[in-house]
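Q: Line by line, the protein sequences give chains Z, P, C and D. Here the first sequence stands for residues 1 to 402, where the numbers follow my numbering. Here the second sequence stands for residues 1 to 402, where the numbers follow my numbering. Here the third sequence stands for residues 1 to 383, where the numbers follow my numbering. Here the fourth sequence stands for residues 1 to 383, where the numbers follow my numbering.
Think of the hints as simulated: they come from the structure by calculation, not from any bench. All values derive from a computational prediction rather than experimental measurement. Glycine included, C-beta positions come from ideal geometry on N, C-alpha and C. Watch out, some of these pointers could steer you wrong.
Simulated crosslink set (DSSO-like; lysine-lysine; CA at most 27 angstroms straight-line) [what the hints assert, rightly or not]: (1) Lys-277(Z) to Lys-274(C); (2) Lys-402(Z) to Lys-186(P); (3) Lys-402(P) to Lys-274(C); (4) Lys-402(Z) to Lys-402(P); (5) Lys-274(D) to Lys-188(Z); (6) Lys-280(P) to Lys-378(C); (7) Lys-274(D) to Lys-210(Z); (8) Lys-402(P) to Lys-400(Z); (9) Lys-402(P) to Lys-186(Z); (10) Lys-378(D) to Lys-402(P); (11) Lys-402(Z) to Lys-274(C); (12) Lys-201(Z) to Lys-116(Z); (13) Lys-378(D) to Lys-400(Z); (14) Lys-378(D) to Lys-68(P); (15) Lys-378(C) to Lys-378(D); (16) Lys-210(P) to Lys-280(P); (17) Lys-274(C) to Lys-210(P); (18) Lys-280(P) to Lys-274(D); (19) Lys-378(C) to Lys-238(P); (20) Lys-186(P) to Lys-54(P); (21) Lys-274(C) to Lys-188(P); (22) Lys-186(Z) to Lys-274(D); (23) Lys-400(P) to Lys-186(Z); (24) Lys-188(Z) to Lys-54(Z); (25) Lys-400(Z) to Lys-400(P); (26) Lys-274(D) to Lys-400(P); (27) Lys-68(P) to Lys-116(P); (28) Lys-186(P) to Lys-378(C); (29) Lys-274(C) to Lys-400(P); (30) Lys-5(C) to Lys-68(Z); (31) Lys-116(Z) to Lys-68(Z); (32) Lys-22(D) to Lys-277(P); (33) Lys-280(Z) to Lys-378(C); (34) Lys-280(Z) to Lys-238(Z).
Residues from chain C shown here face chain D by an in silico Cβ test under 8 angstroms; the list is partial [said to hold, decoys possible]: (35) Phe-283; (36) Ala-285; (37) His-288; (38) Asn-292.
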Amino acid sequence: MEARRDTPEQAEFRQYCRRWLEEHRPAPPPFRLPEHAIEVMTEEQRAYLARWQKQVYDAGLIGCDYPKEYGGGGHQGFQRIANNELALAGVPYLLNVIGLGMAAPSILHHGSEEQKRRFLPPLLSGEEIWCQGFSEPNAGSDLASAQTSAVRDGDHWIINGHKVWTSLAHFASWMILLARHSSEDKYKGLTYFICPIAGAKGVTVRPLIKLTGQTGFNEVLFEDVVVSDSLRLDEVGKGWDVAMTTLLHERGAAESAGTGGGTSLEERLEGLIALAKRMKRRGRPAWDDAVLRDRIVQIAIRVEGFRQTFRRARVGALTEHPMRIPLSSKLLLSELNQDLAALALEIEGAFASLYLGDAQAPDGAEWPLAYMNSYGITIAAGTSEIQRNILGERVLGLAKTK
Amino acid sequence: MEARRDTPEQAEFRQYCRRWLEEHRPAPPPFRLPEHAIEVMTEEQRAYLARWQKQVYDAGLIGCDYPKEYGGGGHQGFQRIANNELALAGVPYLLNVIGLGMAAPSILHHGSEEQKRRFLPPLLSGEEIWCQGFSEPNAGSDLASAQTSAVRDGDHWIINGHKVWTSLAHFASWMILLARHSSEDKYKGLTYFICPIAGAKGVTVRPLIKLTGQTGFNEVLFEDVVVSDSLRLDEVGKGWDVAMTTLLHERGAAESAGTGGGTSLEERLEGLIALAKRMKRRGRPAWDDAVLRDRIVQIAIRVEGFRQTFRRARVGALTEHPMRIPLSSKLLLSELNQDLAALALEIEGAFASLYLGDAQAPDGAEWPLAYMNSYGITIAAGTSEIQRNILGERVLGLAKTK
Amino acid sequence: MSQPKNFGFGEDETLLRDAARKLLSDRAGVEALRRLVARDHREAYERAVPPAPWDEALWRQMVELGWTALAVPEAHGGAGMRMVAVAALAEEAGRAALVSPLLTTLAATLVLRAADGPGAGAALERIAGGAAMALAVTDADGSWEPENTSVTARPGSGGTRLDGTAWFVQDARKVGAFVVLARAADGLGLYVVDADAPGVTIVPDHIVDLTRDQAHVELAGVTVAAERVAAAPGGGDAALRAALPALLTLVAADMCGAAEWQLHTTAAYAQIRKQFDRPLGFFQAVKHPLVNMMLAADQARSLVYNAACAIDTEPAEAERAARMAKASAADMAAFCSGRSVQLHGGIGFTWECDVHLWFKRQQHNQMLYGDAAYQRAKIAEVL
Amino acid sequence: MSQPKNFGFGEDETLLRDAARKLLSDRAGVEALRRLVARDHREAYERAVPPAPWDEALWRQMVELGWTALAVPEAHGGAGMRMVAVAALAEEAGRAALVSPLLTTLAATLVLRAADGPGAGAALERIAGGAAMALAVTDADGSWEPENTSVTARPGSGGTRLDGTAWFVQDARKVGAFVVLARAADGLGLYVVDADAPGVTIVPDHIVDLTRDQAHVELAGVTVAAERVAAAPGGGDAALRAALPALLTLVAADMCGAAEWQLHTTAAYAQIRKQFDRPLGFFQAVKHPLVNMMLAADQARSLVYNAACAIDTEPAEAERAARMAKASAADMAAFCSGRSVQLHGGIGFTWECDVHLWFKRQQHNQMLYGDAAYQRAKIAEVL
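Just chain Z, same shape as in the assembly (with noise of 0.2 angstroms):
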C-alpha cells in the first residue's frame, strides 16, 4: 500500500531495504523483549538492541534524510520507506526511539552547527541514548509550569528539580531538559538545555513503575548539576519554542511507543481484523457478528484517514492553516490506538482477562496491555485534552483556556 507512492529511486532502496533486512534479522534473544523501546530495562535487553541499532545505522536505514555532515544519509523521502520496511519486516524496534523521535528533530532544527555534528552522529547509531526531561510531578500537562530551575553561572548553568516521565533515562548519556531560568514569564522564562545524564555529578534516576506492572519510565533528581552553557539549545527563553519543535516532531515517537514496538497502525488493524476471525463468538468467528464487523470496519476508516491526512499534510494546495493536520497527528493516532486495542478486548470476550505469562492469552496478551499502554500516550507529552486546546487555540483561533 506504501509502495505504491514511490518516486522509482525510493522504489529501489525499498528494494535494498527489504534485501538488507532479509539477509540481517537478527536471532531472537535467549531472552523477552519488552513491547517496546521505552520499556528497555535489563542490560541485555539494552546491549542486543544497541547492537541491532547500530546495524541498521550501518546500513543506512536510519537518519537517511539527515545531512551528510550530521551523520546523515542526504536522502529525501527515504526515512518513511526504511521505516516501513522495518515495521513490514518484523525485526526488533529501535532502541533510542526518544533520540530519532524527539532529540534529534529539535537539534536539527535549533542546536548550532557544533551541537549537530557532536551529537547527531551517535544519536543516529544509538551508541548514544537520550531521554526527555520535560514532565514535573507539578506540571502534568501545563508543560509551560515547568519549575526544574536552570542558575547561570559564568559559563555554565546550575540545574535543580525533579522529572517525571523520562522513559530510557537510566540508559541515558543526554536529556533534553526543559528548566525555567526567570519566574517573570511563564512561557519567555523557559531555556531548553541538553543535559548529561550517565555519570553527571548530582544526577539520580529512580525507576517508576506503570499500571501495567511494567517499568520503563523514571523519574529524575537534579542536584545542583553543572552544564555547560554551550549545551544550552537555541537562545535563552527560547524554550517553549523548542519544545513545541520537539513535541510537533514526536508523532514517531509517539507512534513506536504506543503501539508495541514496530508495528505499525496498519499491521494493528490486520492484527485486529485477524484476532475477529479467529476468536468465537456465540460458537462462531467474531468477524461474522455484524456489529463488531462494524466497528472494526469504523477502525479501519479511521486508520486510512490518518494515512491519509498525513499524506494531505504534504500537499500545500489541500491544506489551509500549516499546523492544522501536523497539531492533530499525536491526538489523533494516540486515540485511535486507545480505541482500536479496546475494541480488540470485546472481540477477546473472556479471554480479554488472560495476561502475560498465560499460555491461552491471545497474541501474547498484546491487546490488553496495549490497550493499558495506550493511557499513556494519551497522557505523556500533553494529554489529549492539552492537545484540543492546543488546536482550537492556535489552528481555530479560540480563546485561551487558562
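Since the structure of chain Z is already known, use the hints to place chains P, C and D on it.
A: Here is chains P, C and D on its own, set in the frame of chain Z:
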C-alpha cells in the same frame, strides 16, 4: 408498564382516567394542530385546545396533586397516572404547558397565599395561559446575566428590556419574568415577577421562526411596563433561587415540548421500533439489520434507565446527593430525545429527506421535525453544556467554570 | 498503478478550485442564498407545490466557464478533467450550499461516461453544451442497488417504451433530461428522457433540504428512440457500478465543503459571542467540540481526495476508497451539523440564523447513495 | 405481580448495605488492598504461578455476619434475603474492589437455589456454614451458553464420573468446592465437586485483574456421589437459566459500586489537583467527563435495582431487565475506567496510583457472563 407501581387507590383512579378519556376524546379539529403546544399559533388552534384543557381540568385530570384550595384535587401520586393515561390515550396535548410545567410549581413553592389562590386555579384550568421570560438576546445560556431591568417605584416596579424564547407569549395573560433590580451582585441582583402580558401597556410580542420553519416562540419587548409589587414572587433578590426551582420542575415542560405533545418517551421508543420493522433496508426490514438493531437496543436501555432513575429518585436510601438525579433529568431527556430522533432518520434512509406535507413521509415527517426540534430542548433553559456545569459544580463539588 | 503523492491535485485543479470559490462567494454567497430559498418560511415549506428556485443566470455562467463540461471526455467536447478536479468543484459547491443542478449533472455525466450505448456520447455532448441532467435510478424503497429499479423497458413503436416510476430524483425540476435506469427483458439499460417528453410526469417531493429539489418521475409509455439509449439492456448496471465510486466521492466532497463552512462559521461565532463575560471559545465545552468537528472534517476530506485519486489512477482501489470517504463524510456531517446548531445556542435554533441551511443540506447528503452504516457493511464484505 | 415503588429496598437492606460499607472500609480499605495484591508488581505479575492472596480472617468474619448465608433459603439455614439485598452487598464489594470468594459464592448460591437435585440443599447448607464455592460452567471458547460445556458426565462406580475441563472459573483457588455443569447422556446436570477431590486439577490463569484469581479446572475421572448431584441430568441448564438474571445483576451491581469509587476518587482529585493555576475541576474537559461518568453510573445503578426487584417480584421481566443492567453497566464501566485513568493524568498511569486496581477489576467484570453487545443482541431477540 407504568401501572405496576399503582396503589389500589391509584389503580382505581387510572381506571377512571381511562374511562373518562375514552368517553370524552374530542373530535379531531378541521385544521392541522402543530406537533406541540409551544408551536400553537392560530386563534382557532388556541380556542380548540383551551376548550380541551378546561374539560380535562373539570374532569380532575389536571392539578390532581395540588391542594384543593388552589384549584387542585388534593391527591397524592395521581398526576403521574393522569399524565400517563393522557399520553396513552393519544388525545390532544394540554395548551398551558409552560404554566403547568414551570409557573405552577414556582408559584406553589415561592408564592404568597394570595398569589396561589389567585393564579393557580385559572392556570390549571387553562383559562389563563402563561409564558416564560428568562432568556435574553445577550444572555442565552447565562441566565444570571439577565439585563431586563426592574426599577422600584413605590408599590410598583418599572420593567424595561427584551426577552426571547418566550413560547405562547402571543396568547399569554402572564409571564414568569426574571429581572434585574440591582447590578451589584450578578445573582442577588435578580428578582422574579409575575408580569402581565395580554393588553399590558408597553409590552410588545413578536413571533420568531424556528429552523424547522415553524413559529411557536416569540420575543417580548418591555417599555416602561408597570408591575405591582404584589406580583413579585418571593423576596427581592431571590430571583435566582426561584428560577432554579422553575428549571428543576421544567422536566415536564421539557418532555412535552421536546417530543411532540403528549407522546411519552416509551411511546417514542415504540414508534422507533415500529418504524424499523416497517422501513426497508437492502430489501429487508431495517429491523433485520443487526447494526441498527443494536443501536435501537442502546436507546431502549437508555429509555428504561431514565425511567428507573426517575423512580429511584424517590427512594432516599438509594440516592446519596439529593440533587444528583433531579438536576440531570432535563439533560438526559433532551439528549436521549435527540439521539432517538437521529437514529430514526438513519432508519428512514432516503425517506428522511421528506418533510411536512409529503404523502410519502413516514409518520407524517414526525422524525425530521422531532430531530430538529430536539435542539430547541438541548439549548433552551440552560444548554446541555450548562447543565453539565451545574451538575459538576453543585453535585460533584468541582470548581466553577466562570 | 501507483497514486501520485499529491493526489494528482496540481496547477489546473488549484486554479479551478480557487476560481469556483471566488465565483460562488461573489454570486452565490449567504445573502444571495437566503434571498433565493429562505426569504420566507411559509414560502419554503407551506406551499401545496414546494418551490424549486435557482439562479439560471449563474448556471449559464458556470456553463461558459466549462464546469458542466468538466467531466465530459474531450472526445465529446468536454474538458475530460480528472476526478480530483470534479471533487474540488463539488467541495466548493458544498461550501456555498449551492442551489444548482451542477452536482446532479456531474453525477449524470459520470454515469454516461461509463456507458457504452449509442446515446451516451450524444448526451455527454448536450451536457457539455449546457444541458442539465439528473439520474433517475432509485426505486420506491429508496434503494441504491440498481437491480431494484421499478421502471420497465419494452420494445415499442419507434423505440423503447418506458413505464414505471423513478424515485428520489435530485433537482428534478432544474434539469432538461433524466438518465433513467430501466429493466428490459435482457437486463438493465440506461435511457435519456427529456423532462418534457410525452408521458413524463414530475411529482415534486416536499423535502427538508432548502438547497435542492427532489421528485419522483412517473413514466407512462414514454418512447425512447434508439439514439437516446445510453446503455443497451445488460449494460446499465455495469455503467452505474463503474460510476458508483465517483458518485459517492462527489457527494462526500460536497459534505466536506459544507462542513468547512459549518466549522468556520461556528468558530467565528465562538470568537465573538460572549457568555459569562468570556468569549464562547474560552470554554472547552465549545472549544473541544469545534476541534472534533475539524478533526472529523479533515479525515473525511483526506479520504475524499484519496478516493478521487484512486478513481483516476487506481480503479481497483476505487470502490473501497469511495465507500470509506462516503461513510466518513456522512458521520462527520451528522456530527458537524448538530454541533453547528448546538454551539450557536438560541440563535442557532432560529430561521434567521444561516446554519440551518447547511444543516439540512448535510442531512440530505448523508443518505444519498446510502448512509454510513450501509457503506461500512459494503466495505466489510471486501475486508 | 407489580414492583414495589422502592425496589423492595427497605430497612433491612439499608442496614445490611451500611454495615457492609463500614466493615469493608475498616477491614478492606485501599491501603489493605494494596498490601494484599499490589505491594510489588513483579510479585503480582511475574511469578510462574500467579498469586491468589486473600484475607481469610475477613472471610470468617463475613461468614459470622451471615453474608454467605444471605441468599441461602431459610429452609437450608440461610437468611433467604431478596435479590435487592444481594445486589446491595455486591455493590459494596465492587466499591471496595473486594478480594474475596464472596460474589463467586453468592453466584453459586443463586444457581444452587434454582437447582432441584438431592445435592443442592446440602450444598446450600455448606455455604450457609461458611464454605466458599464457585461455578464451573464455561467452555474453552469462554461461552456463557450452558449447552457448550465441555465436561461430560457418565455413570461410574460409586456415582457419576466427570471428565473434561471447565474454563474461566472465578476465584478458583479461594473456594472449597465447584458447582460443575456437565453433559450426561440425558441432558445437562450440576455436580458439587470439592476442590481437593481426586482427579481435580486447578490450573491458574495469569490474569490482568489483581482483585481476583481465575483458573481452568481439569476433571479426570472425578467421581460424584449421588448426594452431591445438585441438578440431575436435564435440570442443569434449567437451573442456570433460572439463575442467569441474578448472576448478571450481581456482576452489574459490582460494577456500579466500583464506578462510584472511580467517580468519587477522580472528582476528589479534580478538586485538589491544580493545572494552569486552577483546580482541574474548573476545566470543562475534566468536569464534563466526570459528569458523564456520574450519569452513566446512575443509569446502570437504576437498572440494577430494577433488575434485582424484577427477580424478586416480577420473574417474567427479570431476564430482560438483568440483561439491560449488565449491558448498561459494562459500557459504563469501560467509560468510567478509562476516564479515571485519563483524568488522573501522569500519576494515573502509575502503579502507585490506586485507580488501576478498579480499572482492571472493571475490565474483568465487563466480559463476565457476556459483554454489552452480547446482552443487547439477546435483548433484541425479545423486543
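Q: Against each hint, give a clear statement of whether it holds in the structure.
A: Taking the hints in turn, this is what the structure says about them:
no. : hint                     : result
1   : Lys-277(Z) to Lys-274(C) : violated, 52 angstroms
2   : Lys-402(Z) to Lys-186(P) : holds, 22 angstroms
3   : Lys-402(P) to Lys-274(C) : holds, 12 angstroms
4   : Lys-402(Z) to Lys-402(P) : holds, 11 angstroms
5   : Lys-274(D) to Lys-188(Z) : holds, 21 angstroms
6   : Lys-280(P) to Lys-378(C) : holds, 17 angstroms
7   : Lys-274(D) to Lys-210(Z) : holds, 22 angstroms
8   : Lys-402(P) to Lys-400(Z) : holds, 13 angstroms
9   : Lys-402(P) to Lys-186(Z) : holds, 22 angstroms
10  : Lys-378(D) to Lys-402(P) : violated, 46 angstroms
11  : Lys-402(Z) to Lys-274(C) : holds, 16 angstroms
12  : Lys-201(Z) to Lys-116(Z) : holds, 25 angstroms
13  : Lys-378(D) to Lys-400(Z) : violated, 48 angstroms
14  : Lys-378(D) to Lys-68(P)  : violated, 49 angstroms
15  : Lys-378(C) to Lys-378(D) : holds, 25 angstroms
16  : Lys-210(P) to Lys-280(P) : violated, 31 angstroms
17  : Lys-274(C) to Lys-210(P) : holds, 22 angstroms
18  : Lys-280(P) to Lys-274(D) : violated, 54 angstroms
19  : Lys-378(C) to Lys-238(P) : violated, 60 angstroms
20  : Lys-186(P) to Lys-54(P)  : violated, 40 angstroms
21  : Lys-274(C) to Lys-188(P) : holds, 21 angstroms
22  : Lys-186(Z) to Lys-274(D) : holds, 16 angstroms
23  : Lys-400(P) to Lys-186(Z) : holds, 24 angstroms
24  : Lys-188(Z) to Lys-54(Z)  : violated, 38 angstroms
25  : Lys-400(Z) to Lys-400(P) : holds, 17 angstroms
26  : Lys-274(D) to Lys-400(P) : holds, 14 angstroms
27  : Lys-68(P) to Lys-116(P)  : holds, 11 angstroms
28  : Lys-186(P) to Lys-378(C) : violated, 57 angstroms
29  : Lys-274(C) to Lys-400(P) : holds, 17 angstroms
30  : Lys-5(C) to Lys-68(Z)    : holds, 26 angstroms
31  : Lys-116(Z) to Lys-68(Z)  : holds, 11 angstroms
32  : Lys-22(D) to Lys-277(P)  : violated, 51 angstroms
33  : Lys-280(Z) to Lys-378(C) : holds, 23 angstroms
34  : Lys-280(Z) to Lys-238(Z) : violated, 56 angstroms
35  : Phe-283                  : holds, 6 angstroms
36  : Ala-285                  : holds, 4 angstroms
37  : His-288                  : holds, 6 angstroms
38  : Asn-292                  : violated, 12 angstroms
Violated hints, in rising order: 1, 10, 13, 14, 16, 18, 19, 20, 24, 28, 32, 34 and 38; the structure is consistent with all others.
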